[in-house]
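2 protein chains.
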Amino acid sequence: MEILDTNFSEKLPEIVECIRKANFVALDQEFTGLFRDSTFGQPYASVQSHYSKMAKLFDGFIVIQLGISAFWVDPEDETKFQCRTFNIYLYPRGRRSTFRFEGSCIDFLVSNGFDFNKLFLNGVSYCSIQDAEKMKAQLQQRHSEMAEQMARNEADLTSHIPVPDGEKETIDKACEEIDKFLASDDEELILDSYNGFQRKLIYQAIEEKFFGKVTASPKEMEKNRKAMAITRKKSPEEEKKIFEEKCEQEMKNLDAQIGVTHIFNALAESKVLIICHNMFLDLMYFMRQFTGPLPDDLNEYKKLVHDHFPSILDTKYLCSGETLKPHVNSTVLPHLLETCRNEPFGMPKVECIGEEKYSVECEKEHEAGYDAFITGICFISLATFLKIPPKELNGNCKKLKSFKNKIFLMGLEDISCINLTGPDGKPSRQHVFHTTFPSTWKSGDIVRHFRNFGQIHIKWISEGSAFVALQQREYAASVMKKIGRTPGVTVMPYTEYEATQSPAVDAAKKRKASQEEAEKSSAKKARPLSKRFDESSDW
Amino acid sequence: MEILDTNFSEKLPEIVECIRKANFVALDQEFTGLFRDSTFGQPYASVQSHYSKMAKLFDGFIVIQLGISAFWVDPEDETKFQCRTFNIYLYPRGRRSTFRFEGSCIDFLVSNGFDFNKLFLNGVSYCSIQDAEKMKAQLQQRHSEMAEQMARNEADLTSHIPVPDGEKETIDKACEEIDKFLASDDEELILDSYNGFQRKLIYQAIEEKFFGKVTASPKEMEKNRKAMAITRKKSPEEEKKIFEEKCEQEMKNLDAQIGVTHIFNALAESKVLIICHNMFLDLMYFMRQFTGPLPDDLNEYKKLVHDHFPSILDTKYLCSGETLKPHVNSTVLPHLLETCRNEPFGMPKVECIGEEKYSVECEKEHEAGYDAFITGICFISLATFLKIPPKELNGNCKKLKSFKNKIFLMGLEDISCINLTGPDGKPSRQHVFHTTFPSTWKSGDIVRHFRNFGQIHIKWISEGSAFVALQQREYAASVMKKIGRTPGVTVMPYTEYEATQSPAVDAAKKRKASQEEAEKSSAKKARPLSKRFDESSDW
Numbered sequence: 001m002e003i004l005d006t007n008f009s010e011k012l013p014e015i016v017e018c019i020r021k022a023n024f025v026a027l028d029q030e031f032t033g034l035f036r037d038s039t040f041g042q043p044y045a046s047v048q049s050h051y052s053k054m055a056k057l058f059d060g061f062i063v064i065q066l067g068i069s070a071f072w073v074d075p076e077d078e079t080k081f082q083c084r085t086f087n088i089y090l091y092p093r094g095r096r097s098t099f100r101f102e103g104s105c106i107d108f109l110v111s112n113g114f115d116f117n118k119l120f121l122n123g124v125s126y127c128s129i130q131d132a133e134k135m136k137a138q139l140q141q142r143h144s145e146m147a148e149q150m151a152r153n154e155a156d157l158t159s160h161i162p163v164p165d166g167e168k169e170t171i172d173k174a175c176e177e178i179d180k181f182l183a184s185d186d187e188e189l190i191l192d193s194y195n196g197f198q199r200k201l202i203y204q205a206i207e208e209k210f211f212g213k214v215t216a217s218p219k220e221m222e223k224n225r226k227a228m229a230i231t232r233k234k235s236p237e238e239e240k241k242i243f244e245e246k247c248e249q250e251m252k253n254l255d256a257q258i259g260v261t262h263i264f265n266a267l268a269e270s271k272v273l274i275i276c277h278n279m280f281l282d283l284m285y286f287m288r289q290f291t292g293p294l295p296d297d298l299n300e301y302k303k304l305v306h307d308h309f310p311s312i313l314d315t316k317y318l319c320s321g322e323t324l325k326p327h328v329n330s331t332v333l334p335h336l337l338e339t340c341r342n343e344p345f346g347m348p349k350v351e352c353i354g355e356e357k358y359s360v361e362c363e364k365e366h367e368a369g370y371d372a373f374i375t376g377i378c379f380i381s382l383a384t385f386l387k388i389p390p391k392e393l394n395g396n397c398k399k400l401k402s403f404k405n406k407i408f409l410m411g412l413e414d415i416s417c418i419n420l421t422g423p424d425g426k427p428s429r430q431h432v433f434h435t436t437f438p439s440t441w442k443s444g445d446i447v448r449h450f451r452n453f454g455q456i457h458i459k460w461i462s463e464g465s466a467f468v469a470l471q472q473r474e475y476a477a478s479v480m481k482k483i484g485r486t487p488g489v490t491v492m493p494y495t496e497y498e499a500t501q502s503p504a505v506d507a508a509k510k511r512k513a514s515q516e517e518a519e520k521s522s523a524k525k526a527r528p529l530s531k532r533f534d535e536s537s538d539w
Numbered sequence: 001m002e003i004l005d006t007n008f009s010e011k012l013p014e015i016v017e018c019i020r021k022a023n024f025v026a027l028d029q030e031f032t033g034l035f036r037d038s039t040f041g042q043p044y045a046s047v048q049s050h051y052s053k054m055a056k057l058f059d060g061f062i063v064i065q066l067g068i069s070a071f072w073v074d075p076e077d078e079t080k081f082q083c084r085t086f087n088i089y090l091y092p093r094g095r096r097s098t099f100r101f102e103g104s105c106i107d108f109l110v111s112n113g114f115d116f117n118k119l120f121l122n123g124v125s126y127c128s129i130q131d132a133e134k135m136k137a138q139l140q141q142r143h144s145e146m147a148e149q150m151a152r153n154e155a156d157l158t159s160h161i162p163v164p165d166g167e168k169e170t171i172d173k174a175c176e177e178i179d180k181f182l183a184s185d186d187e188e189l190i191l192d193s194y195n196g197f198q199r200k201l202i203y204q205a206i207e208e209k210f211f212g213k214v215t216a217s218p219k220e221m222e223k224n225r226k227a228m229a230i231t232r233k234k235s236p237e238e239e240k241k242i243f244e245e246k247c248e249q250e251m252k253n254l255d256a257q258i259g260v261t262h263i264f265n266a267l268a269e270s271k272v273l274i275i276c277h278n279m280f281l282d283l284m285y286f287m288r289q290f291t292g293p294l295p296d297d298l299n300e301y302k303k304l305v306h307d308h309f310p311s312i313l314d315t316k317y318l319c320s321g322e323t324l325k326p327h328v329n330s331t332v333l334p335h336l337l338e339t340c341r342n343e344p345f346g347m348p349k350v351e352c353i354g355e356e357k358y359s360v361e362c363e364k365e366h367e368a369g370y371d372a373f374i375t376g377i378c379f380i381s382l383a384t385f386l387k388i389p390p391k392e393l394n395g396n397c398k399k400l401k402s403f404k405n406k407i408f409l410m411g412l413e414d415i416s417c418i419n420l421t422g423p424d425g426k427p428s429r430q431h432v433f434h435t436t437f438p439s440t441w442k443s444g445d446i447v448r449h450f451r452n453f454g455q456i457h458i459k460w461i462s463e464g465s466a467f468v469a470l471q472q473r474e475y476a477a478s479v480m481k482k483i484g485r486t487p488g489v490t491v492m493p494y495t496e497y498e499a500t501q502s503p504a505v506d507a508a509k510k511r512k513a514s515q516e517e518a519e520k521s522s523a524k525k526a527r528p529l530s531k532r533f534d535e536s537s538d539w
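Taken in order, these protein sequences are the chains called V and P.
No gaps in the numbering here: position 293 of the first sequence is 293 in the UniProt record's numbering, and each next residue is one more.
No gaps in the numbering here: position 314 of the second sequence is 314 in the UniProt record's numbering, and each next residue is one more.
Do not rely on the hints blindly, as some may be mistaken.
Same chains, same label: a pair holds when it works inside one copy or across any pair of copies.
[To be verified] With a Cα cut of at most 20 angstroms, we get these calculated EDC-like pairs of lysine to aspartate or glutamate:
#1 Lys118 x Asp107
#2 Lys398 x Asp77
#3 Lys219 x Asp192
#4 Lys364 x Glu222
#5 Lys364 x Glu148
#6 Lys482 x Glu133
#7 Lys168 x Asp296
#8 Lys442 x Glu208
It is worth saying that the hints were derived from the structure and are not from the lab.
Could you build all of it, start to finish, from the sequences and the hints given here?
Here it is, written out as structure tokens:
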């Protein structure tokens, strides 16, 4: 069901309840930017440098929709799952934070029916868990200070400033108005013809001359005009009651501001198995949104994730296993669903619970709730093929152990995942060469230059530079000795090239360069396909 | 009237026509961020450093709505203006550019009825004038290259790569399909079971084996599946016609992509008087959106503005003139309108032209078109009070000369405008001191510390630091000699403080600091007003 700020407080307990009883929880998110069309430029980076690059490239984008689909075994039929799905709009409303939007990403979302007015008007707030704790502590302290001051029942004149001569008459006039008000039967006096400095002086005058008699508070008039409202002081008991109600309301408001962060905490506390399809970016966004800026060090990041979520499974990585791979042509989510609907897979028995229900037929692609639901459906279908009974489909499942806590990695040629609980792959790249050449060169020219070394794979970096990987690695040793010397053309083993890539290069510069590269590479794509390799990731 | 991508091309000539015949054009814009609530921290900066700081602080935000209201004297009644207003949604659709949003700014816009779905779905595109020229040149070159290749009527095999052994069978199969297609009566053949690399090889094979017989083009299938469509080659005449139509369509598409930039160019070419209310930020956003990143140097920026727009008038600055100031209490736009509706001002005779009309009654505040219209109405009302006849209300008006090309400046204590065509004010700041003190200090403590030097103005920088300006400047010389020495308190003349502010400090760091400062100062505001000075700008 759809979760907005209008029903969040009411539905939060149900969401937490579903997370607690789930065998697994499927997640999906929509972001404000993800450079969907870009190739990220360095297919032979280390996992650390790929992670750093991505963390910088995607800095500032945020999650605006979070889909949570919780699945548990039907207590009355252990061959069947029950499922409940929540589609949550997230938006840091009323806060000073700024975030980035990517034009084409917004285009994509609106063309898929995403309602931005709904997001901006009724998105549920969130903050980092650190901010949530800090804000709670600050509010509690402020409340106890205010309670103390109320108990003392004395004016605090220490911060008062002297009234400048030019303002004395104005302030005296305001005091006269208050005197008149006290002598009248009026319920409230509005002082609205004073500027900010004068209002400050009137607040002072009230503490000095009318302490215990009136209460003054700021009031907003039409068209943002600022004024102050004066009312008679209530009895100590009434004042106390008003104060307590105010504290309670402020605590409620703060809880609403912490918003979706409550769900993040519930997921972390439950230690439930979390699944997500192609979750490298999702996980980075998710962690950043709720725990603050990401660490630079990959191992710190892995620890951060694992400390919060000890059981994670990426269904895209699961599909790359040797049992499933031969049966899964494309791991794009809707294609995977199509695959799972047919032999040798099949649709699992799943009963959707709740007011609004998703089904595999409802075609709400790119709504986070639907995509999370579909991820869960596919996961059960794949698990059934792997002969995992429903009740074993959780974080302790032995048959899934080799896939657990491994995140599918796109963009690197020869490393397929990040291992959250161990070291990452370090494949040999002795058969890879970095080459530069005239910007007029096309793939054919590169192939001809390397013609003596067998079949090659080309990975373009920019107009005029590329990586070349030899299909037959045994040729690698002879390349530097035997390759032709052509003016304007350089060839360098990958390991040498890597050493030239100083990590000290200014981060901002790097980022800019990588964006420009991505733009160039996208411009390249706009050329007729026959002109050069199609860079799409599916070959 | 509302301008979207659906009516932009049709309405552009009318917009340009209105700009050309106008006495003056009023502008207003809505942005994705403007830190509305913040004080910007350094009330005694130089104009250059204030400009630099603002340019950095607001980097990445964009204009999403542009209001243009053109006013000209009624040809049949020279006491009356005619006016036409356009409210344009702007959005860099389909482009890779990213931009920033500020949470509270979006909040403000949606609560004022701004329709973000309309913006994202149907906003008119734009680009910098440099990009517009570059894109036009590139497209023209591509068209002439394609025309040449068509004329040569030869396959270009130079970029072809050899077919790897593993793919030979697949490619042969595709060629057989094409052979069958050519022998059939079918109109089109769809090849959709090949990956990107295979499609590349099939395109090659077509150029090698079927050149002049078939045309192949990419085709998108359902669910983003990529395929290729094969059709029979047309006759050279037909091919030429199709090619010319394609070129024309691509030029039209490019024109739509350049979008609002056409209006920027029309405004610049017309040299018409441009008016805007409180236009410092508007002008920065406007120039950046259409001419690219702003120069660091203030004088370069002034030149950039003046070269494009030789006649600019800021109605907020106009109100600060000695004739008008006594009659204008508040220069916030709706307050100014209220003022102009009453004695000694009055509403001018203005006839709105066009399908949709604004009136001063229609209460569409914060819609850019309405605010531009209101700015124009107020301007005529003020000008009438200044005894300027309608036909003289243009860029050459002598009575407005001292206000022309001066931009109202908020945030600096003692400099009221940027002068686009001359040097800016450099007021003496010998009466200003920088002071640091324990973070527990309130205004009263600072007043007491400076008690021997008359009335003071305090400008908070952060908890624990502030500027202090003496009302009676004659005391300035004695401050450093006579002020009490208190542990934990420092006092320093402004000029000395300024020298410690190295411009070499890393820009990003500065920006972060200034944001943090703004946040702190906003947090301060949330305290009870009686606890410290109200920092609002109206005293």
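A quick look at each hint next to the structure:
no. : hint            : in the structure
1   : Lys118 x Asp107 : both (16 angstroms within a copy, 11 angstroms between copies)
2   : Lys398 x Asp77  : neither (23 angstroms within a copy, 89 angstroms between copies)
3   : Lys219 x Asp192 : within (9 angstroms within a copy, 66 angstroms between copies)
4   : Lys364 x Glu222 : between (43 angstroms within a copy, 14 angstroms between copies)
5   : Lys364 x Glu148 : neither (55 angstroms within a copy, 46 angstroms between copies)
6   : Lys482 x Glu133 : neither (64 angstroms within a copy, 46 angstroms between copies)
7   : Lys168 x Asp296 : neither (58 angstroms within a copy, 46 angstroms between copies)
8   : Lys442 x Glu208 : between (83 angstroms within a copy, 17 angstroms between copies)
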